[in-house]
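Peer 1: If you're matching them up, the sequences are chains A and B in order.
Using this note's numbering, the first residue of the first sequence is number 35, and each one after it goes up by one.
Using this note's numbering, the first residue of the second sequence is number 35, and each one after it goes up by one.
Possibly wrong hints are sitting among the right ones.
It does not matter which identical chain is used: a pair holds within one copy or between any two.
To be verified - Subject to a maximum C-alpha distance of 25 Å in a straight line, what follows is the list of computed BS3-like cross-link-like pairs (lysine-lysine):
1) Lys214 to Lys312
2) Lys214 to Lys68
3) Lys214 to Lys318
4) Lys180 to Lys312
No wet-lab data here; the hints were simulated from the structure.
Since this is a predicted model, take the numbers as computed values, not measurements.
This is what each chain is made of:
2 protein chains.
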Amino acid sequence: MGEVASQRVVTCHSLSNASGNSQAISIVLLGAGKVATHLAPALVQAGYNLRQVWSRTEGSARMLAEPLGISYTDDLTAVTDDADVYIVCVTDGALPEVAQEIVAHVQRSPHAPLFLHTAGSVPMDVWREAGANCYGILYPLQTFSKERVVAMREVSLFVEASDEASLTAVEALAHGLSDKVYWADSRRRSLLHVAAVFACNFTNAMYDAAHRLLASDDIPFDVLLPLIDETAAKVHALTPREAQTGPAVRGDEAVMQSHIQRLSDMPDLQVLYAQISKMIMNEKLIIKN
Amino acid sequence: MGEVASQRVVTCHSLSNASGNSQAISIVLLGAGKVATHLAPALVQAGYNLRQVWSRTEGSARMLAEPLGISYTDDLTAVTDDADVYIVCVTDGALPEVAQEIVAHVQRSPHAPLFLHTAGSVPMDVWREAGANCYGILYPLQTFSKERVVAMREVSLFVEASDEASLTAVEALAHGLSDKVYWADSRRRSLLHVAAVFACNFTNAMYDAAHRLLASDDIPFDVLLPLIDETAAKVHALTPREAQTGPAVRGDEAVMQSHIQRLSDMPDLQVLYAQISKMIMNEKLIIKN
Numbered sequence: 035m036g037e038v039a040s041q042r043v044v045t046c047h048s049l050s051n052a053s054g055n056s057q058a059i060s061i062v063l064l065g066a067g068k069v070a071t072h073l074a075p076a077l078v079q080a081g082y083n084l085r086q087v088w089s090r091t092e093g094s095a096r097m098l099a100e101p102l103g104i105s106y107t108d109d110l111t112a113v114t115d116d117a118d119v120y121i122v123c124v125t126d127g128a129l130p131e132v133a134q135e136i137v138a139h140v141q142r143s144p145h146a147p148l149f150l151h152t153a154g155s156v157p158m159d160v161w162r163e164a165g166a167n168c169y170g171i172l173y174p175l176q177t178f179s180k181e182r183v184v185a186m187r188e189v190s191l192f193v194e195a196s197d198e199a200s201l202t203a204v205e206a207l208a209h210g211l212s213d214k215v216y217w218a219d220s221r222r223r224s225l226l227h228v229a230a231v232f233a234c235n236f237t238n239a240m241y242d243a244a245h246r247l248l249a250s251d252d253i254p255f256d257v258l259l260p261l262i263d264e265t266a267a268k269v270h271a272l273t274p275r276e277a278q279t280g281p282a283v284r285g286d287e288a289v290m291q292s293h294i295q296r297l298s299d300m301p302d303l304q305v306l307y308a309q310i311s312k313m314i315m316n317e318k319l320i321i322k323n
Numbered sequence: 035m036g037e038v039a040s041q042r043v044v045t046c047h048s049l050s051n052a053s054g055n056s057q058a059i060s061i062v063l064l065g066a067g068k069v070a071t072h073l074a075p076a077l078v079q080a081g082y083n084l085r086q087v088w089s090r091t092e093g094s095a096r097m098l099a100e101p102l103g104i105s106y107t108d109d110l111t112a113v114t115d116d117a118d119v120y121i122v123c124v125t126d127g128a129l130p131e132v133a134q135e136i137v138a139h140v141q142r143s144p145h146a147p148l149f150l151h152t153a154g155s156v157p158m159d160v161w162r163e164a165g166a167n168c169y170g171i172l173y174p175l176q177t178f179s180k181e182r183v184v185a186m187r188e189v190s191l192f193v194e195a196s197d198e199a200s201l202t203a204v205e206a207l208a209h210g211l212s213d214k215v216y217w218a219d220s221r222r223r224s225l226l227h228v229a230a231v232f233a234c235n236f237t238n239a240m241y242d243a244a245h246r247l248l249a250s251d252d253i254p255f256d257v258l259l260p261l262i263d264e265t266a267a268k269v270h271a272l273t274p275r276e277a278q279t280g281p282a283v284r285g286d287e288a289v290m291q292s293h294i295q296r297l298s299d300m301p302d303l304q305v306l307y308a309q310i311s312k313m314i315m316n317e318k319l320i321i322k323n
């Protein structure tokens with residue numbers, strides 16, 4: 035009996051074929067952090083039946099679920115066990131445990147739900163190790179702050195799945211949310227995550243360095259916004275190498291030295307200035323050779 | 035006689051008052067690099083009488099001047115000596131010499147022209163040292179690539195001048211070009227320049243790092259563009275500290291370690307990853323304490 039039952043469970047569903055429309059697909063969201071905060075309204079707006087939000091912290095679950103008119107819980111054993119899809123958006127560190135718990139709680143049911151997580155650097159194997167049969171990834175390559183509304187249709191979503199039917203299901207779900215859906219295995223996804231750290235988190239750290247510098251002389255950060263916007267806009271049309279400007283790519287040692295002296299009060303920025311300038315100069319050599 | 039003449043020369047003009055309209059103000063542009071390439075059409079479009087372009091390289095002068103129907107020369111002694119304004123846009127290293135030469139060539143005339151340069155890190159004193167009487171700065175805080183058209187009205191322009199009449203003149207000129215005109219002395223301007231290196235040149239270096247990473251696995255850079263745009267858009271509404279996301283600000287050591295291992299083939303990016311992450315973590319501590 036065990037064998038037969040488990041055989042039945044591993045028949046994964048390509049939900050889009052089964053139902054034909056997004057309304058029929060029921061989803062439970064686990065987590066109430068930055069990603070969940072942006073994913074929940076996007077799912078509702080796309081017409082999915084978002085049935086429940088779970089978070090370890092009841093207040094967070096309520097804050098996210100209540101405005102959307104969705105039920106919520108902080109008790110994992112109270113999570114509805116007959117949804118079609120469970121999307122886990124928790125921190126990378128919490129993910130293995132939450133995966134284990136939700137699979138153990140839900141997979142008793144015979145309908146083979148689809149388990150997804152949204153993390154950049156956690157391999158899909160976390161689901162196999164948790165005992166899931168049908169699973170995959172829905173990784174949004176975006177920076178989410180709770181204070182900001184993000185147009186999800188513009189967000190690059192990377193998908194991966196345990197099997198063909200699950201891939202069809204997660205692809206349909208992704209297309210329901212965004213116009214930019216790509217496939218990436220766990221190795222490529224983690225590379226995308228590192229690249230995103232540079233393109234977003236470290237870029238923002240450069241903005242923060244500029245902010246600190248201007249604040250030291252009471253200059254409002256706003257004066258840099260046209261420059262920041264143009265810097266981002268340029269790489270839509272040019273490669274970053276082509277778009278590079280400034281003293282380092284010009285090899286202007288005198289300006290670089292004067293800037294490094296200027297940064298003597300901020301030794302962390304001083305070290306960074308020398309190091310990134312060196313990288314830009316090396317990159318230029320690579321172009322020339 | 036010498037005394038009287040020099041007395042007459044140092045009466046600087048607030049050109050806007052004298053002429054009442056931009057058409058009457060004649061300008062010579064010295065330089066044909068990135069800044070000049072963007073400034074020349076903006077001056078023409080704003081209705082100024084751009085009379086001549088000089089560049090050490092005749093081909094560069096022609097390439098810039100010809101499409102605008104403006105005369106050009108590579109001979110500094112052939113530069114028209116009765117213009118109202120001379121704007122020097124050459125590299126920081128070439129600036130002292132070009133300043134000296136143009137002042138010596140032009141200032142014989144009794145009409146006290148206004149000498150301006152556009153560099154971020156060259157003090158206004160370069161003009162005094164060159165023997166100019168009426169001078170100032172028109173510093174555009176923007177990244178200029180020849181391949182890109184920049185909306186000059188959106189560019190932050192920083193002005194400074196030797197005297198009140200010259201300041202009035204350079205302010206009027208700046209307002210003719212942009213809606214964002216600010217005053218900054220040479221010390222503040224050089225701070226703005228360092229901040230701009232972080233906000234623009236180093237930000238672009240982060241894009242380039244991401245580009246290298248993705249290229250190593252044939253992933254098109256385009257997938258990062260929505261993320262890059264949102265990262266820039268966020269700091270219009272939040273401070274960079276508030277906008278910071280990613281493993282470093284979360285203190286997620288496991289993800290950071292896995293990323294640093296992932297970068298073992300690119301030691302320059304590996305060092306940078308550790309260093310910028312440390313800066314982000316330190317900044318976070320500053321907020322908390």
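Peer 1: Does each hint hold? Answer for all of them.
Peer 2: Now the hints, each set against the structure:
Taking the closest pair of Cα atoms, Lys214 and Lys312 never come within 25 Å of each other, the shortest separation being 35 Å inside a single copy and 33 Å across copies. For the identical chains of this complex, Lys214 and Lys68 are intra-copy neighbours only, at 20 Å inside a copy versus 35 Å across copies, given an alpha-carbon limit of 25 Å. Taking the closest pair of Cα atoms, Lys214 and Lys318 never come within 25 Å of each other, the shortest separation being 32 Å inside a single copy and 33 Å across copies. Taking the shortest Cα distances, Lys180 and Lys312 sit within 25 Å of each other only across copies (24 Å), while inside one copy they are farther apart (36 Å).
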